[in-house]
Amino acid sequence: MRCADLRARARDYFEDELAADVREACDAHLSECAPCGALFARGAALAEPDFTQAFGVQWRSAGDLTCAWVLEFLAAYLEQGLDPRERASFDAHLDLCEACRTYLTQYSSTVRLARHSAAESTPVPPALVEAILAARRAAP
Amino acid sequence: MSSTPESTAAAGVRERELLARLRAGEDAAFDELVREHGGRMLAVTRRILGSDDEAQDALQEALLSAFKALARFREGAQLGTWLHRIAVNAALMRLRSTRRAPEHELAELLPGFVEDGHQVREPSAWSAEPDAALVSEETCALVRRCIDRLPENQRVALVLRDIEGLDNEQLADRLGLTVNAAKIRVHRARQALRALLDPYFSAEDR
Ligand SMILES: [Zn+2]
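Protein chains in written order, with the numbering used here: chain A, 1 to 140; chain Y, 1001 to 1206.
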C-alpha cells in the first residue's frame, strides 16, 4: 500500500468502516511508514489541520477555517471538546458564515427533535403478551 | 422518562411486593410485569431495531431472559431501569444476528464540499424552526420515521446516544468501537438525520 492509498482511506479507518483485510494492510503500512504513522497518531486526537488536509479538506475561507472543518467538528464544539484556540477560530468562522450558522442551528434542532420525538411506550399486542406468558409457563 | 403520580415510596413498596410474587412463581405477577413494563421495553427495542416484527421478537427475548434472571435482580435497584437495560441488550443482540440492506447510503446524506471547503449546497433555514417543546405528535411521528430510515449503524448510535442518554464512552463500549469512532458515528447520524428532515422543514420548496 502506498501513502496516498492509506490517506485516501483515513476517514474509513478512523470510523471503523474498513474490511478486515484492508484495515490490516493499512496497519501494516502505518507500522512501516513514519510520516503516515505520525499523521495518524495525531489524527486520533481528531482536531489536527494536517489530518484534516489528509482528508482532502483545505484551510481557508471564512476566518482561518473551512466550512468542511467546521461541520466536521460540530459535535466537539457543542460538547465543549475544542481547545480555546480552536474554539476561537470556530466562533470567528460562525460570525462570518451564514451557511454554517444555519447548519449548526439545524444540527442542534435535530438532536432535540430526536430526543423529544421518542415514544415513551408502545402498545404491546395482546397476542404477544399471551405468547410471552405461555412461553414462560412452558419453560422448565 | 416521566414518573407516575404515585409517590416513589408507595411505588417502591408495590415493586417489592410484585418481586416477591414473581419469585414465588405466581402467574398473575408475570402478567402484571408484562403489562406494566412491556410497553416501555417495546418502545426501546422498536427504536433500536427500526422494525415492528423484530422489536416484538426482541421484547419476547428480553422478557424471557429477565424472568430467568429475576433471582439476580438486586433488591433496591429499580425494576424498570433493570428491564430497560435488558431490552437494550436484547435489541443489540438481535441486530448482530440480522443484517439488513440499508435504504440509504450514508454518503448521500452527508454534506458535500467543493474544492475550497464550502458546502456544495448551502443549507436554507428551516421555516417554522421546530421548537422541540412545541412540536406536534404528527411532527414527532415524522421524526421517528426519519430515524427509522437511517442506515443501521447510524440509527443505533443516534438512539443510544441522543435518546437513551449513553455518553460517548458507554456508547463506544456497547458498540465495540473506539471512543473516537463512536463520536464520529453519532455525528454522522445527526448529519444524516438533519438531511432527512431538511425537505420537511425547509422554508423553500425545492
Ligand atoms: Zn462555513
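In short, the hints are calculated from the structure, not lab data.
Treat the numbers as computed from the prediction; the structure is a model and nothing was measured.
C-beta atoms are modelled at their ideal positions from N, C-alpha and C, and glycine is treated no differently.
Be aware that one or more of the hints could be misleading.
Which residues of chain A face chain Y? A partial, calculated answer using Cβ under 8 Å [said to hold, decoys possible]:
| id | residue |
| --- | --- |
| 1 | Phe-14 |
| 2 | Leu-18 |
| 3 | His-29 |
| 4 | Leu-30 |
| 5 | Ser-31 |
| 6 | Cys-33 |
| 7 | Ala-68 |
| 8 | Leu-71 |
| 9 | Ser-89 |
| 10 | Gln-106 |
| 11 | Ala-114 |
| 12 | Val-124 |
| 13 | Arg-136 |
Hint by hint, here is what the structure shows:
Contact between Phe-14 of chain A and chain Y, as hinted, is supported at the beta carbon level, the nearest pair being about 6 Å apart and thus within 8 Å. Residue-level restraint check for Leu-18 of chain A is violated (minimum Cβ-Cβ distance to chain Y is 11 Å; threshold 8 Å). Annotation: His-29 of chain A was flagged as interfacial toward chain Y, and the flag is violated, the nearest CB pair being 19 Å apart, outside 8 Å. Evaluation of the Leu-30 of chain A hint against chain Y yields a violated restraint, the C-beta minimum of about 15 Å exceeding 8 Å.
For Ser-31 of chain A, the suggested interface contact is broken, since its CB lies about 18 Å from the closest CB of chain Y, more than 8 Å. Evaluation of the Cys-33 of chain A hint against chain Y yields a violated restraint, the C-beta minimum of about 21 Å exceeding 8 Å. Because the closest C-beta pair between Ala-68 of chain A and chain Y is about 4 Å apart, less than 8 Å, the hint holds. Interface hint at Leu-71 of chain A: satisfied, since its Cβ lies 6 Å from the closest Cβ of chain Y, which is below the 8 Å cut-off.
A distance limit of 8 Å between C-beta atoms decides the matter here; for Ser-89 of chain A the minimum to chain Y is near 13 Å, and the interface restraint is violated. With its C-beta approaching chain Y no nearer than about 5 Å, Gln-106 of chain A sits inside the 8 Å limit, and its interface hint holds. Because the beta carbon of Ala-114 of chain A sits about 5 Å from the nearest beta carbon in chain Y, less than 8 Å, this interface hint is met. A hinted interface residue such as Val-124 of chain A counts as satisfied when its beta carbon comes closer than 8 Å to some beta carbon of chain Y; here the least separation is about 4 Å, so the hint holds.
At about 5 Å, the closest approach between the beta carbon of Arg-136 of chain A and any beta carbon in chain Y falls short of 8 Å, and the interface hint on this residue holds.
Hint compliance for this structure: hints 2, 3, 4, 5, 6, 9 are not met, and every other hint is.
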